[in-house]
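Colleague: Protein chains in written order, with the working numbering: chain P, 7 to 210; chain L, 7 to 210.
Some clues are possibly wrong.
A pair holds if it fits inside one copy or across any two, identical chains being indistinguishable in the list.
Stated by the list, open to error - Within a straight-line C-alpha distance of at most 27 Å, the following computed DSSO-like cross-link-like pairs (lysine-lysine) qualify:
(1) Lys137 x Lys112
(2) Lys155 x Lys10
(3) Lys10 x Lys137
(4) Lys8 x Lys155
No lab work stands behind these hints, which were simulated from the structure alone.
Protein chains: 2
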Amino acid sequence: MKEKGSYDRADLDAILAAGFVCHLGVVVDGTVMVLPTVYGATADTLYFHGSVASRSLVGAPQQTVCVTVTHLDGLVLARSVFEHGINYRCAMIYGTPRQVTEEPEKLHGLQIVTDQCAPGQWNYARRPTRKELAATTLLALPLNEASVKIRTGPPDDGDSPDSQLGLWAGVIPITTTYGTPIPDPLLLPPNLAVPSHISVPDRP
Amino acid sequence: MKEKGSYDRADLDAILAAGFVCHLGVVVDGTVMVLPTVYGATADTLYFHGSVASRSLVGAPQQTVCVTVTHLDGLVLARSVFEHGINYRCAMIYGTPRQVTEEPEKLHGLQIVTDQCAPGQWNYARRPTRKELAATTLLALPLNEASVKIRTGPPDDGDSPDSQLGLWAGVIPITTTYGTPIPDPLLLPPNLAVPSHISVPDRP
Chain P
7 MKEKGSYDRA DLDAILAAGF VCHLGVVVDG TVMVLPTVYG ATADTLYFHG
57 SVASRSLVGA PQQTVCVTVT HLDGLVLARS VFEHGINYRC AMIYGTPRQV
107 TEEPEKLHGL QIVTDQCAPG QWNYARRPTR KELAATTLLA LPLNEASVKI
157 RTGPPDDGDS PDSQLGLWAG VIPITTTYGT PIPDPLLLPP NLAVPSHISV
207 PDRP
Chain L
7 MKEKGSYDRA DLDAILAAGF VCHLGVVVDG TVMVLPTVYG ATADTLYFHG
57 SVASRSLVGA PQQTVCVTVT HLDGLVLARS VFEHGINYRC AMIYGTPRQV
107 TEEPEKLHGL QIVTDQCAPG QWNYARRPTR KELAATTLLA LPLNEASVKI
157 RTGPPDDGDS PDSQLGLWAG VIPITTTYGT PIPDPLLLPP NLAVPSHISV
207 PDRP
């Protein structure tokens, strides 16, 4: 099968490692919201920023949320409209987020999130002050309930009668690329070189 | 402000036009799920495939869902960890999806979805049979309740005391690119040329 669910932990880890933005599904005042937010993953925990979600997640009764990480790999163009689709890798994680309040874990979690977005930045940038830490909502979600779906490969109708229609079919690859860093116009000194750790991230 | 909410309809339309995969938030058996799925947008309606969501959306009591479309434009690397962020464009649409059952609207909606993914494919590929139509769940969501958020530009701490730290700050642009079409290995005839409408999509 070209589209398959996976229960392989390595697939989950690879999908999480390949990104840094998830979509968080949460119920706020009775209404579902789907919020993009940055995350970082360790072997057993997904850390993510609370921001808007914190309105309902923090202090309110605990709820099960869904965090989805999706990578688009290709447009699947088949002979028939019906068989069109997307090559993708998707992980959905379910659980009840825990608000991180202790300073050591909060710093650890923020390091995970920061370095997932931009490896090396935690060691380079100015770290959070106590006041900044207090103003940051960080949530932790265990990685023990997850569902993974992956589709790869060509369209599914290559061995169907539609293959005789003389229509082109195949895949248009989709890739996410990182461009040349654009310095802040307010950079001091203005000609400060881009540090070596800020290279174009290599995300498989 | 570099991060702003927008009530400009043109911003919503531009975000929807720039993508073809949304994240659908829906409550299934009491649990939030966030599902990636393809969509297509007209002036007043977002059409999307039901697939997994149809389990709960179709036949069950109607519910308000949230459909989120997010584009990542850049990693914002500030002097301080606290000011790190993402340049992005995000639209969240709220509403109660309507299942499309009449054949003319279903064909119209599928055309919108198909051509949003790959412009021109509706006219090129074999269109759905009646049986395929019956096997397809298509949902329609009105575009009249939406929220848009956009962040652009450099980091926010260029005029803060942190600007004196001598740290590099700026933006790493993120772009989604489309590669050279990969023919299905089962293509007939094997050397069939890629049709001209399947060019690399131009998505601002």
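Colleague: Hint by hint, note whether the structure agrees.
Modeller: Hints versus structure:
no. : hint            : verdict
1   : Lys137 x Lys112 : within (13 Å within a copy, 54 Å between copies)
2   : Lys155 x Lys10  : within (6 Å within a copy, 34 Å between copies)
3   : Lys10 x Lys137  : between (46 Å within a copy, 24 Å between copies)
4   : Lys8 x Lys155   : within (10 Å within a copy, 35 Å between copies)
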